[in-house]
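*Asks:* Protein sequence lines correspond, in order, to chains A and B.
Here the working numbering is used: the first residue of the first sequence is 1, the next is one more, and so on.
Here the working numbering is used: the first residue of the second sequence is 1, the next is one more, and so on.
A hint or two may mislead.
Said to hold, decoys possible - Keeping only pairs whose Cα atoms sit at most 30 Å apart, straight-line, the calculated DSS-like set for lysine-lysine is:
no., chain 1, residue 1, chain 2, residue 2
1, A, K91, A, K364
2, A, K417, A, K479
3, B, K312, A, K324
4, A, K652, B, K441
5, A, K312, B, K133
6, B, K364, A, K324
7, A, K652, B, K399
8, B, K335, A, K340
9, B, K454, A, K652
10, A, K471, A, K491
11, B, K534, A, K364
12, B, K417, B, K105
13, B, K534, B, K139
14, A, K234, A, K598
15, B, K399, B, K335
16, B, K324, A, K335
17, A, K324, B, K534
18, B, K126, B, K105
19, B, K455, A, K592
20, B, K455, B, K147
21, B, K324, A, K324
I should point out that these hints are in silico values taken from the structure, not numbers from a laboratory.
2 protein chains.
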Amino acid sequence: MSRSLKLAAVLSVLALPAFADEGMWLLNSFPAEAMKKKYGSAPTQDWLDHVRLSAVRLAGGCSASIVSETGLVMTNHHCVHSCVQDLSTPKQDFVKNGWFAKTQKDEKACPGMEINQLVEMTDVTKQVQEATKGVDDAKFNEVQKAKLAELEKACGTSDELRCEVISLYRGGRFELYKYRRFQDVRLVFAPEVAIAFFGGDPDNFNFPRYDLDSAFVRVYGKDGAPMKMDHYLKWSSELPKEDDLAFVVGNPGGTSRLLTVSQLEFDRDVKWPAGLTRLSELRGMLHEYAHRGAEQQRHSEDTLFYVENAIKAYKGRHQALADKAFFEGRVAAEKAFRAKIDANPELKKQYGGVWDSISATEEKARLLRKSYATLETTNSSELLGFARTLLRSGDELPKPNGERLKEFSDARLPQLKQSITKKAPIYDEFETMMLGWQLTKLREELGADNAVVKKIFGKQSPEALAAAAVKGTKLKDEKVRAALFEGGKAKIDAAKDPMIELARLYDADARAVRKQWEAEVEGPLKKQGELLAKANFALNGTSSYPDATFTQRISYGTIKGFKDDTGDYRPFTTLAGAFERHTGADPFALPKTWLDAKSKLLLETPFNLCTTNDIIGGNSGSPMVNAKGEVIGLVFDGNIHSLGGEYGFDEKLNRAVAVHSAAITEALEKIYGAKRLVDELRPAGAAKAGDK
Amino acid sequence: MSRSLKLAAVLSVLALPAFADEGMWLLNSFPAEAMKKKYGSAPTQDWLDHVRLSAVRLAGGCSASIVSETGLVMTNHHCVHSCVQDLSTPKQDFVKNGWFAKTQKDEKACPGMEINQLVEMTDVTKQVQEATKGVDDAKFNEVQKAKLAELEKACGTSDELRCEVISLYRGGRFELYKYRRFQDVRLVFAPEVAIAFFGGDPDNFNFPRYDLDSAFVRVYGKDGAPMKMDHYLKWSSELPKEDDLAFVVGNPGGTSRLLTVSQLEFDRDVKWPAGLTRLSELRGMLHEYAHRGAEQQRHSEDTLFYVENAIKAYKGRHQALADKAFFEGRVAAEKAFRAKIDANPELKKQYGGVWDSISATEEKARLLRKSYATLETTNSSELLGFARTLLRSGDELPKPNGERLKEFSDARLPQLKQSITKKAPIYDEFETMMLGWQLTKLREELGADNAVVKKIFGKQSPEALAAAAVKGTKLKDEKVRAALFEGGKAKIDAAKDPMIELARLYDADARAVRKQWEAEVEGPLKKQGELLAKANFALNGTSSYPDATFTQRISYGTIKGFKDDTGDYRPFTTLAGAFERHTGADPFALPKTWLDAKSKLLLETPFNLCTTNDIIGGNSGSPMVNAKGEVIGLVFDGNIHSLGGEYGFDEKLNRAVAVHSAAITEALEKIYGAKRLVDELRPAGAAKAGDK
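The shape of chain A in the complex, shown without the other chains (with noise of 0.2 Å):
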């Protein structure tokens, strides 16, 4: 961690300052003024509005951007990785091969993907927090609950339209989001994986950086055809250069930067290090998974990928926590935020006790954490989760709206129905590794003298629990899940499948165990969120910016080298850097159509960039545009410096990694092909490769 974020946290008390281009700005409330300030100009609110509908989100955990009047969306590879391989079969691998659709026609629908195009924020914190006004900590979850739920649907949630109410300020602020929503995505290029991930795991989260982890796809309407656009990004007519100005317009997953001390001890003592021990067994064992066959890797592979990447992401997390510099500089902040609230009488009384409030459900997080991760919100193996879905689905439906579990509100089915009816494969071979191997943890966790874990496995072992069941379940059949979604409480009670059987051992003591979870940690930090954001409201005014939530979001920064211990680095790559770094050995193996094709490529042509954006998971394959809302990027990564970023920010060391859109370009067209993108990319006029 650099000095400066210790400075920064020092600094910043709670009010996140937009220090230099730190900020993950609301598109309805950017920071014009600034802005103004440091670089001389800003985006008007047409600007704004423009890029805010021609970037969207996917529903599944990413970010892309229209990039065409006909629906054409762009993203990253491994935005899409799931998709491709769930499109491949043995014969076809086109995670291994990449996929390239000749003509429009050729375009193949990936199996539940949704993409969301914000077109309305309305705000409604006046509503919820009357709600809640009064309500005690045990019942705030659930009022809450019901009131979001009954906004959301009168907004008029649909197949067309998706509703959602965002906590923004962690409670300080709710707003209404409205989105079109688009269930027929298809896919329409991916290169070759060891172009998109070129580096591998070694290289993830680095820079100097060699990767085009760029795919598209394409929206289409309810008739068939493509999805005609009104706003969409043109690609840039000219070159980028350094120091250039650079927005990123996308989705960042969260960030940490408004916890108090006690929650980042709980994150620095509990959440990593178990998330860590977690996912590294897992590691270790789909590394060594694949070791069975060329079938057994195909199919682990993305899970590996996804697995490797939140290693790394948490590893940075745990390790900015673990800089006592940064923590001490964390806690003689909100020293001096609380002395400073302290100070008023009328703030004393209103938010004095807040801290301590949240120290003790953090104690109680503390104690529940591993019945509420085990029981509830871990899942590794995908026949568990349909199992679950309908058996829960079967319960929940027939209540009223409010009361349900919020997964199953009405403003959440369209997008439930779609990811328990989607067409996908299942690996029998690897869902029983999977399934086993969460019911080892299981029992792991909770001991084998536990009633839960007795009820659950009488005299059998894991594994034979997991093989049966993943044998005998029908559920691997989307159209057996669509007969027992739309099917109700008696059809899937009548199935009597093996693996609903499995889940409904335990799914009274899971729903407990989130009752209490949510009345006891949830319900009052929410509660305890919404006065600390009063606070911070009451002292440093509204003008910052929330922590991010998974919405949209603008950054405003410039194109920017960096310098650290390991080296001083420029802030291009280009395509002649990868061939230099390709050894012939995975990871840094360059694909046939790259070596074929070397000659015929403009070797100069920037590869990779890199940028100060202020981003962070979630982002990946946001769009990055120039002054003029022109694409010259796509954001697939951060720096290594950038995980400490669900912290802080430090404009020295954290950088937004993108793929420059000229190597996009050059590739599709000298590589792929793929003369039909370009043209529909890149009209006449519009800058190349090799434009100076």
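On the provided structure of chain A, position chain B as indicated by the hints.
*Replies:* Just chain B now, with coordinates in the frame of chain A:
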């Protein structure tokens, strides 16, 4: 962590007062007065000398005891697990099926096993501290090392003697320990792993327990005959009862109860998270590796056992430090202690700065840890370990004794030679996996662009490098290793062995980072530790016990159950309980021998027991004796609460777990037909199962 441990943390300051049954006492500094006060009696020095000479150490990391006049030694199955595996073949799996030498002639030599009997202890504090007086930080380690090597050599180290200077109280006191060394150790009896480790990882570190974690080996003399012993422990003549006194004599491996807060922070934030992450990945890999086939399972299962055992131990230690109240207690205790030092101008002048110095050294440790661990201290490949030892022995042995790396000092040569020339099978496939993984981690930790990484890999992948080195090396043959070790540098260089050449590739880098670590971390910590110990002696006197150092200690306590939030546990289990817990599915499947013998067994025979003795890893295999010095049990574990014993002891909850002596003889006689052993252990008149 219980309330009383928190209290202990608050009160204990740095003095480790003998709270209740807390303490791993030196056998030449037994707190007889304190024990008498609590229990009305205490052992005499003669009694202590007798048990000191009867209890022995397995140099590889366990404890044991001599239990017959003809050299029979009792220890845990898990302490000889590697030997049992080494003696197995694809056709004779002694780990799975157990092993009993029907006659003394059938006893089989355990490769690389060394047993030490502590025959003499001499205080050398003055010599050691004089040698380093006034020496500056960077040279401290080197000067002290030379002095220790000199003292050890002068003591007369040979094939028959092992001399070691032990640093007690982290530098406050030094003792020269003289051991008799036994290197011909033969396996006599080991049960099936299924009963030695019944309950497997789920039950590990838990009580109630049902494990026959016992084994017998025998010490042989140079004449090839069983060694005649002057001191040995007799089998108990009566069955122990709840609340009876119990002593444990063994070699606790290490505790960290004297660490300062900045050192505890290092453990909490760096050491355990890094260790858990690494070992968890290895765990997942090994677990899945066993799916390659029965042979692969057989080759890897002892490693998996050690890894899972370590993970559980690390988790417990991390959790102790992650407990906020416990940690805050340590912070308060240190503050109080510093205040006392600061209140006395003379003490303040001498010791007032030591905490800040340690804190600054810990910051250095944080910076250097990754490269030091990666290049120098972490090794998962047996062949690479041999290669490095050979390479370095060529460079080190020609140097004067005091200037060598400490593991090459004259006093350490007999064990070094034994370990490198031991005849034990090496499995190419397993080695290739382990070495490939280690190299992958090396690249991950240091980064693909690190100069050392580039030097090691060139254009090769870790897997290819590992496969080639394992395939090409001749070091699998112990005769080749012995010849190279004897041949010295010229022979070692001339061999051009690919494994040695791999070690050579980064040996200079590994040595450099070690040198830096010793100069900037290890040396300063030793120097500061000496000051801290003196500060402690100045305020609290010398009546307390030092942190554990894998040297002989005695702990006293009583046979007692415990009560925690999962239940109220009695101190004994019975053989009947094992049959009740049997499910038929691993790890809860009793061996066939047990199921077959059930009707012959006295099922009410006590099986395992728990006591308030203060123990920790390294105590495995320790004899548990009654006030008469007779064997009543064999320590093999602690309960889950004992894992926090690294940092503190809580008599309410911490328990040592042992196999009851009656269960051992009952099983030997009725299940294993090992009458010759029972007769050797239990002369006429000794207590038997069923006695009241």
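*Asks:* Now tell me if each hint is right for this structure.
*Replies:* Status of each hint after checking the structure:
1. Taking the CA atoms of A:K91 and A:K364, the gap is about 52 Å. The hint is violated against a cut of 30 Å.
2. A C-alpha spacing of about 12 Å is found between A:K417 and A:K479, which places the hinted pair at or below 30 Å, so the restraint holds.
3. For the hint pairing B:K312 with A:K324, the CA-to-CA distance comes to about 26 Å; that is within 30 Å, so the pair holds.
4. Distance hint between A:K652 and B:K441 is fulfilled; the C-alpha atoms sit about 29 Å from each other, no more than 30 Å.
5. For the hint pairing A:K312 with B:K133, the CA-to-CA distance comes to about 45 Å; that exceeds 30 Å, so the pair is violated.
6. In summary, the hint linking B:K364 to A:K324 is supported, as the alpha carbons are separated by about 12 Å, within the 30 Å threshold.
7. Between A:K652 and B:K399 the CA atoms are separated by roughly 48 Å; this puts the pair beyond 30 Å, and the hint is violated.
8. At most 30 Å may separate the alpha-carbon atoms for a hinted pair to count; B:K335 and A:K340 meet this at roughly 27 Å.
9. With a C-alpha separation of about 28 Å, the suggested pair B:K454 and A:K652 falls inside the 30 Å cut-off, and the hint holds.
10. Note on A:K471 and A:K491: the hinted pairing holds, with a Cα-Cα distance of about 21 Å set against a maximum of 30 Å.
11. In summary, the hint linking B:K534 to A:K364 is not supported, as the alpha carbons are separated by about 41 Å, beyond the 30 Å threshold.
12. For the given pair, B:K417 sits about 26 Å from B:K105 by alpha-carbon distance, which is consistent with the 30 Å threshold.
13. With a C-alpha separation of about 21 Å, the suggested pairing of B:K534 with B:K139 holds against the 30 Å cut-off.
14. Pair hint A:K234 plus A:K598 holds up; C-alpha atoms about 28 Å apart against a cutoff of 30 Å.
15. Taking the CA atoms of B:K399 and B:K335, the gap is about 46 Å. The hint is violated against a cut of 30 Å.
16. Of the supplied pair hints, the one linking B:K324 and A:K335 holds, its CA atoms being roughly 18 Å apart against a limit of 30 Å.
17. Distance hint between A:K324 and B:K534 is fulfilled; the C-alpha atoms sit about 28 Å from each other, no more than 30 Å.
18. As the CA atoms of B:K126 and B:K105 are separated by approximately 49 Å, the hinted pair breaks the 30 Å bound.
19. Annotation: proposed proximity of B:K455 to A:K592 holds, straight-line Cα distance about 26 Å (limit 30 Å).
20. Taken as a hint, the B:K455 and B:K147 pair is broken in the structure, with Cα atoms around 37 Å apart against an allowance of 30 Å.
21. For the suggested pair B:K324 and A:K324, the alpha carbons sit about 16 Å apart, so the restraint of at most 30 Å is met.
Comparing the model with each numbered hint stated earlier shows that hints 1, 5, 7, 11, 15, 18 and 20 do not hold.
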